[in-house]
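> Going by this note's numbering, the first residue of the sequence shown is number 230, and it counts up by one from there.
Hints are computed from structural coordinates only; laboratory data are not their basis.
Backbone N, C-alpha and C fix where the C-beta goes; we use that ideal spot for every residue, glycine too.
Treat the hints with caution; some may be incorrect.
Pairwise CB distance ranges, derived in the manner of DEER restraints [to be verified]:
| # | residue 1 | residue 2 | range |
| --- | --- | --- | --- |
| 1 | Arg287 | Lys382 | 16 to 22 Å |
| 2 | Arg364 | Gly261 | 30 to 36 Å |
| 3 | Pro239 | Arg341 | 34 to 40 Å |
| 4 | Thr352 | Val238 | 33 to 39 Å |
| 5 | Gln232 | Ala350 | 37 to 43 Å |
| 6 | Lys382 | Ser336 | 42 to 48 Å |
| 7 | Val284 | Arg234 | 28 to 34 Å |
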Amino acid sequence: MKQGRILIVPCELGEANAFVKQHHRHHQPVPGHKFSLAAVLLEKVVGVAIVGRPVARRIDDGWTLEVNRVATDGTPNACSALYGAARRACFALGYRKLVTYTLASESGSSLRGAGWRLLGAATSRVGQGWSVKSRPRVDKHPLQAKLKWEAVK
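Using the sequences and the hints given, assemble the complete structure.
Given below as structure tokens:
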């Protein structure tokens with residue numbers, strides 16, 4: 230087991246996306262972000278969080294951000310440290326709300342540990358495919374129920 234304290238540091242999107250590509254169980258890298266964070270233990274990146282504008286345009290009000298990706302190498306407490314740091318950074322930048330989504334099959338213990346609140350089942354198209362008759366798409370993410378989480382100032 231690794232000994233030491235997890236440090237949270239700023240991270241470039243390219244570095245965060247490379248980590249996501251290598252370690253995320255079911256999502257690919259993202260095209261953009263507002264900011265990214267890395268969890269570092271003993272001088273090694275053990276996790277990343279990518280925070281950006283909400284994917285759902287109806288909640289993209291200018292005061293809300295979304296944790297679009299969190300990925301770790303399995304280091305204990307890295308997820309909670311990243312979710313907590315993303316929350317603090319978001320509010321320090323003047324945003325009022327931070328949201329994220331998890332698969333319904335995931336426990337959410339890292340989010341609870343970081344002070345987030347479960348809102349319930351995600352509505353709208355979250356967890357569904359993006360393909361419609363007028364605009365066919367190939368979905369590369371899991372098409373299953375998702376839960377919505379929120380951190381408010």
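> Hints first: check each against the structure and report whether it holds.
To see whether the hints hold, each was checked on the structure:
1. Range check, Arg287 to Lys382: Cβ separation about 20 Å, and the 16 to 22 Å hint holds.
2. With their beta carbons about 21 Å apart, Arg364 and Gly261 fall outside the hinted range of 30 to 36 Å.
3. At about 26 Å, the CB distance of Pro239 to Arg341 disagrees with the hint of 34 to 40 Å.
4. Our hint of 33 to 39 Å for Thr352 and Val238 holds, since their Cβ atoms are close to 35 Å apart.
5. With their beta carbons about 39 Å apart, Gln232 and Ala350 fall inside the hinted range of 37 to 43 Å.
6. Distance hint check for Lys382 and Ser336: the Cβ-Cβ separation is about 25 Å, which falls outside the suggested range of 42 to 48 Å.
7. Separation of Val284 from Arg234 is about 33 Å and conforms to the stated range, judged on CB atoms against 28 to 34 Å.
When each numbered hint is compared with the structure, violations occur for hints 2, 3 and 6.
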